[in-house]
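Going by our numbering, the first residue of the sequence shown is number 810, and it counts up by one from there.
To be clear, the hints were calculated from the coordinates, so they are not data collected in a lab. A portion of the hints provided could be inaccurate.
Between beta-carbon pairs, the in silico distance windows are [claimed, not checked]: (1) R1208 - T1270: 15 to 23 Å; (2) K1376 - H916: 57 to 65 Å; (3) L876 - P1146: 49 to 57 Å; (4) L1427 - G845: 51 to 59 Å; (5) D1054 - G953: 18 to 26 Å; (6) P1146 - S1107: 34 to 42 Å; (7) D1204 - A995: 18 to 26 Å.
For lysine-lysine, the following DSS-like pairs were computed, each having C-alpha atoms within a straight-line distance of at most 27 Å [to be verified]: (8) K1415 - K1439; (9) K1416 - K1448; (10) K1118 - K1195; (11) K1243 - K1195; (12) K1449 - K1439; (13) K1016 - K871; (14) K1184 - K1194; (15) K1184 - K1118; (16) K1416 - K1376.
Where a beta carbon is used, it is the ideal one built from N, C-alpha and C, also for glycine.
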Amino acid sequence: MKPNPIRVLSVIPPMTQLNTPYPSTAYLTGFLRSRGVAAVQEDLALKLVLSLFTAQGLEEVKSRALLLPEAERSATVNFFLDFFARYVHTIEPTIAFLQGKDSTLSHRIAGRGLLPEGPRFAALDAYDDSESGDPLSWAFGALGQQDRARHLATLYLNDLADVLRDAVDSRFEFVRYGESLAGSQATFEPLAQALAAPLTLMDEKLKALTLEAIEKHQPTLVLLSVPFPGAVYAAFRIAQCLKQDHPNIQIALGGGFVNTELRELTEPRVFDYVDFVTLDSGERPLLALLEHLEGKRSASRLVRTFIRKSADEPVSGDASKNTQRVQLINWSEPDVPFEEVGTATWDGLPLQDYLSLLDMLNPMHRLWSDGRWNKLTVAHGCYWKKCSFCDVSLDYISRYETASASLLVDRIEQIVKETGQTGFHFVDEAAPPKALKALAEELIRRNVHISWWGNIRFEKTFTPELAELLAESGCIAMSGGLEVASDRLLALMQKGVTVDQVARVTHGFSQSGVLVHAYLMYGFPTQTVQDTVDALEYVRQLFLHGCIQSGFFHRFACTVHSPVGIKPQDYGVTLIPLPEGSFARNDIGFIDPTGTDHDVLGRGLKKAIYNYMHGLGLEDDVRVWFDLPKGQCPKPRVKKNAIAQALGESR
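Using the sequences provided together with the hints, build the complete structure.
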């Protein structure tokens, strides 16, 4: 009897993004279809939120909130209950507006008389303009009504998200759900306990959505893509539901979280929920897995795949890892070349239902949550792969491959034809300048009109002339790592750039009409208070001279896969040994002999960057942002005209 053909369902678990699909399932579905495999996809992250943000969903939230003792209700929950009638009548029209289905509602929302304004709206006080009496006039002026309304509607949704967290599930956030249960957790126990607990309202809805997707697609194999720790809990809830209701369906777990944190997995309980855990780029492991499920390949010839051996089966053979009953099978086969992975497809995802949110008013920063972007990769891996804070030892960084500009534009045209949308976000680790130049020239030559943005290294190859060419091809924004704006620390982290060079590159983009976002870092090994103050002074000047329009400071985290984690002695720090564990392994603590209090400094840096992005405080001494005892915040050593001089050198 001939076996039924394999049918693959790829799932995006909660939570990832609400404005556009996370691209992993689109990549895998497109690849599998190019190989003749019946493949479909579902975004359960979006569907979960949309099932909660309905009149019926809010009624269910209210019933949970009323079960809380009054003394345990937060101010947000009390406001929700007090104004419930307004919430329940405005939620569905507001969602439709954010989906772009009812643009005329912007008049009502922008007029501030329609939506209940809970605690999140207090943030508007920071923008108060005493002359006009309109706290948003500086951002939107007399026009910009759609944006004004979307910002207000986003605050409204954020209030509701706070209600969900306070009254329904304390682990809930829009872009991360139960993150602490998985991220760098040495043991599976916290996740196991959470999965053994009674279902919350969100768990119940996720289960219903899972069963609905299974009924619709009838898959034989489900792929759970978990890019971040904040998607792991929901992925395991989905798997738990499948094992209970559809035990014959095979389940594979993969994605960025797995590739980074589960490389030394030895926890057998993981396989109570999933059957396979795959590492790194999914194409080759998936082909091997499909052949195995079709009876054409033995389990001993799987590729980069963890399995659990049965109790009476010896753990041996081709395994490169061999602990307890968990085995990593890594049959040696070459990866599918980047040019042969096929074109991503969004077929099956409800592109018309994603929410364009306007959380941050800064025009560059908003791109991450605003708009439906087709995600595409120009190259696999990173052409530089030297930065000491980065996981350069892992495949997604270390294996660098490119595709021809002609093939990339073919893919772009196919995606535009499928989706009807011409916005692209190139999600490379660092898009190579040579490949971007060739891509821009091909887009212009073929008269393909798109809007695109991406991530780069601010290296000298990005001349003003190249910036102009990229802008002509449709480039609207660029992000890149300035990290710690200190030449000493940039050299230590082997970034391959200097502050002056970054100033000239970013200024060239800005002069070409391209918005620029700087990724910034604090807490790098040996970074002192003086280094931090000097770095902020450089950042202030970059904003002042229009080199960058947006930025974000994040705390340096040492990972076991980075040069700092592999050779800490080269960076002047001592690692704190990780506890014995069988589950996630990534972040690792370290002792820095400088003893700098980065927690205090970080609060000042984030306050400063928030104001700079809104054009505030750019003339102030940077020391005003730091809450340090008198005399403990040193004066910047950076010249007041340092960036001006750097820009002068390029003229």
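Those earlier numbered hints the structure runs against, lowest number first: 5, 6, 10, 15 and 16
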